[in-house]
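Student: Each chain is listed here by its residues.
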Amino acid sequence: MPSRDEIFEKVKETLVDALGLDDDEVTPSARLKADLGAESIDFLDIVFRLEKNFSIKIPRNELFPESLFTADAGFAENGRVTEKGLAELRTRLPHADKETIDKLAQNPQVENVEDLFTVSMVVNFLVAKLGS
Amino acid sequence: MRWFWVDRFVEFESGSHAKAIKNVSLSEEHLHDHQPDFPVMPASLILEGLAQTGGLLLGEQRNFSRLVVLAKVPRMTFHGWACPGDTLTYSVKLVDSRDEGGMVEASAHVGDRLVAEGEIVFAHVDLGTAGAGNVDQMNCVFKLLRGVLEVGKAGDGSSTG
Chain C
0 MPSRDEIFEK
10 VKETLVDALG
20 LDDDEVTPSA
30 RLKADLGAES
40 IDFLDIVFRL
50 EKNFSIKIPR
60 NELFPESLFT
70 ADAGFAENGR
80 VTEKGLAELR
90 TRLPHADKET
100 IDKLAQNPQV
110 ENVEDLFTVS
120 MVVNFLVAKL
130 GS
Chain L
0 MRWFWVDRFV
10 EFESGSHAKA
20 IKNVSLSEEH
30 LHDHQPDFPV
40 MPASLILEGL
50 AQTGGLLLGE
60 QRNFSRLVVL
70 AKVPRMTFHG
80 WACPGDTLTY
90 SVKLVDSRDE
100 GGMVEASAHV
110 GDRLVAEGEI
120 VFAHVDLGTA
130 GAGNVDQMNC
140 VFKLLRGVLE
150 VGKAGDGSST
160 G
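In order, the protein sequences belong to chains C and L. Read in numbering that gives the first Met the number 0, the first sequence has 78 at position 79, and its numbers run on one by one without any break. Read in numbering that gives the first Met the number 0, the second sequence has 71 at position 72, and its numbers run on one by one without any break.
In case anyone wonders, no lab produced these hints; they're calculated from the structure. On a predicted model such as this, the values are computed, not experimentally measured, just so you know. Just to be clear, a hint being listed does not mean it is correct.
Below, in silico cross-link-like pairs of lysine to any residue (SDA-like), each with a Cα-Cα straight-line distance of 20 Å or less [claimed, not checked]: (1) C/9 / L/92; (2) C/9 / L/15; (3) L/92 / C/94; (4) C/51 / L/14; (5) L/92 / C/32; (6) C/51 / L/88; (7) L/71 / C/18; (8) C/51 / L/93; (9) C/51 / L/92; (10) L/71 / C/19; (11) L/71 / C/12; (12) L/71 / C/106; (13) C/51 / L/118; (14) C/51 / L/94; (15) L/71 / C/65; (16) L/71 / C/36; (17) C/9 / C/56; (18) C/32 / C/106; (19) C/56 / L/95; (20) C/56 / L/97; (21) C/51 / L/9; (22) C/56 / L/15.
Generate coordinates for the entire structure from the input sequences, incorporating the hints supplied.
Tutor: Put into structure tokens, the structure is as follows:
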């Protein structure tokens, strides 16, 4: 089983290829959208490449859930994530760094939810998936 | 003028790979508009031909039940150009296909000479989530191209040569 460092290096290569980045831009805390410029279609490209590079299958919505909040689920109100929404996030994104969710809880604007998608989150997901 | 950027499929293995050809002619307007006094096939239209070849390979796998749209070109390198009289051969290999979309590796050759190579990512769009006007337009492209597809080697392995 690969170590966390080995997984990180492979994730870095994957993101460099998918997003056209320089090596040093990919740090564990980098946010895929805000820091690395990923757009929605890039998430599909990233999943394709991770599957190929790690020889695994990643079911839809497992790594990057597409619609975390439906309109009437009570997860968001007036542009802010509710307590129920935060609880849902912790359940649906077990691979998100705890600190990033705690940070979101302090300023729970809906637009900040995408900040949970970090390089570290991808590594956490793969560490769990590969059982290392 | 129609938005056909392949002339004929010459190989088609459902869910695996496909090959299509595009004959470049001096009578085509875009050769003259692109670079004055240097008539070559614009790289963007070579990319479009590769995307049509790959898009049909992906769409056919689901019997054209989903709208296939070009979503991203992660990598495309052009090594040369194609001139009037050249036949471009577009080769695509389906490397991933799933509910959300698919990805192909694509290359363009003139004879043995590599002209372009890269990757293309497609997204599947549901009819309900796209604008109705756009859907008609896209469907039109794909319906018409299905005719082009049937000219060449079809899923049953037969070929018109």
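Student: A separate judgement is required for each hint: does it hold in the structure or not?
Tutor: Hints and how they fare:
no.	hint	verdict
1	C/9 / L/92	violated (24 Å)
2	C/9 / L/15	violated (27 Å)
3	L/92 / C/94	violated (33 Å)
4	C/51 / L/14	holds (17 Å)
5	L/92 / C/32	violated (29 Å)
6	C/51 / L/88	violated (27 Å)
7	L/71 / C/18	holds (11 Å)
8	C/51 / L/93	holds (13 Å)
9	C/51 / L/92	holds (15 Å)
10	L/71 / C/19	holds (12 Å)
11	L/71 / C/12	holds (18 Å)
12	L/71 / C/106	violated (33 Å)
13	C/51 / L/118	holds (14 Å)
14	C/51 / L/94	holds (9 Å)
15	L/71 / C/65	holds (18 Å)
16	L/71 / C/36	holds (14 Å)
17	C/9 / C/56	holds (16 Å)
18	C/32 / C/106	holds (18 Å)
19	C/56 / L/95	holds (11 Å)
20	C/56 / L/97	holds (11 Å)
21	C/51 / L/9	violated (29 Å)
22	C/56 / L/15	holds (19 Å)
Of the hints listed earlier, those the structure fails to meet are numbers 1, 2, 3, 5, 6, 12, 21, in rising order.
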